[in-house]
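Got chain A; can you put chain B on it based on the hints?
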Amino acid sequence: VAGGKVMLNSIDNTGAPDVPAQTNLYVLALP
Amino acid sequence: LQTNSDTPTPRDRDRRLCPPWFARVGVLAVLLLVGAAFATPPAVAAAPAAGDWPQFGRTAQHPNTNPAETAFTPGNVAGLAVAWTGQFGEADETEAGPVVAGGSVYVTGFDGNLSVFDAAGCGKPVCPPRWTAQLDNAVIDSSVAVAGGVAYVGDSGGRLYAFPAAGCGRPICQPRGLTQLGPDQSYQGRRSRWPAAR
Numbered sequence: 001v002a003g004g005k006v007m008l009n010s011i012d013n014t015g016a017p018d019v020p021a022q023t024n025l026y027v028l029a030l031p
Numbered sequence: 001l002q003t004n005s006d007t008p009t010p011r012d013r014d015r016r017l018c019p020p021w022f023a024r025v026g027v028l029a030v031l032l033l034v035g036a037a038f039a040t041p042p043a044v045a046a047a048p049a050a051g052d053w054p055q056f057g058r059t060a061q062h063p064n065t066n067p068a069e070t071a072f073t074p075g076n077v078a079g080l081a082v083a084w085t086g087q088f089g090e091a092d093e094t095e096a097g098p099v100v101a102g103g104s105v106y107v108t109g110f111d112g113n114l115s116v117f118d119a120a121g122c123g124k125p126v127c128p129p130r131w132t133a134q135l136d137n138a139v140i141d142s143s144v145a146v147a148g149g150v151a152y153v154g155d156s157g158g159r160l161y162a163f164p165a166a167g168c169g170r171p172i173c174q175p176r177g178l179t180q181l182g183p184d185q186s187y188q189g190r191r192s193r194w195p196a197a198r
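For the protein sequence lines, the chains are A and B, in the order given.
Going by our numbering, 27 is the number at position 27 of the first sequence; the sequence numbering is gapless.
Going by our numbering, 105 is the number at position 105 of the second sequence; the sequence numbering is gapless.
Chain A with its partners taken away, still in its complex shape (with noise of 0.2 Å):
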C-alpha cells in the first residue's frame, strides 16, 4: 500500500491448456 493504491503480485492462470500462466501486477484505486 503506498501513494493511495494497491499494488500486488498474481500468477493467473489462462484457464487454457495451451496458453501458459502469466504473472502480473495488479494496481489498485479508490474510484
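Hint data in this document are derived by calculation from the structure and do not stem from the laboratory.
A partial selection of chain A residues facing chain B, derived with a Cβ cut-off under 8 Å:
#, residue
1, A2
2, G4
3, M7
4, N9
5, I11
6, P20
7, A21
8, Q22
9, T23
10, N24
11, L25
12, A29
13, L30
Partner residues are not named here, just some residues of chain A that face chain B (Cβ under 7 Å, in silico):
#, residue
14, V1
15, G3
16, Y26
17, V27
18, L28
19, P31
Computed list of chain A residues with no C-beta within reach of chain B, every gap over 10 Å:
#, residue
20, G15
21, A16
22, P17
We treat Cβ as the ideally placed atom computed from N, Cα and C, and that holds for glycine.
Leaving out everything else, chain B in the frame of chain A:
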C-alpha cells in the same frame, strides 16, 4: 619443613599467563567501554517517503504497515478497483511482493527478470514495464529494496545486484554492481550461468 616460595610452580606460571576470571571480565569490560566510546554511531536509515514502500515490509524492521496511508477505511475498501495491470512474465511464477519507491513499482519473477513500472500507470488498462533486467538466468524470489537511489535485488544464485533506481534510460538495463554473497542454489531445475557468463 620449608618450601622454596621463590621457585614458581607450574600452577604459578599458569596464574600469570591466565589471570582469574574476574580479572579477564574486567579487562574485557574496559575494552568494550573504550571501543564503544570511539565507535562510529550506527547509521540510521532514513524513513521511507510517505508514498513509498521501498522494501519487503516497508522498512528494515518490516512493520508491514504504512501509517501515512489514510485513504482506505473499512467503509470504502470494498470499492477498490483495478486501475491498471502490468504483465511481467509468461509461464512464470512470482512470490516476492512489489515495492514502490520514487514513483516506480519494482517486481520480480522466477524467470530471473526484474520489471519496473511507472506507479502512475501509462494511461491504459495494461501497461508495459518502463525497464527490465535479466538477472543471470537465476530465480528471484525476494523483493527489491530501494535506498539512496539504488535498487538492490538478490537471486537464488547467491548474488546481490544493484541498479540505478531510475533505470538506465534504455528498456533493458544491466546491473551496475553485483556481489556473490553465498552458495549458488539450484532452484526448480534452474542453474545459474555464473560465473561462466562473466
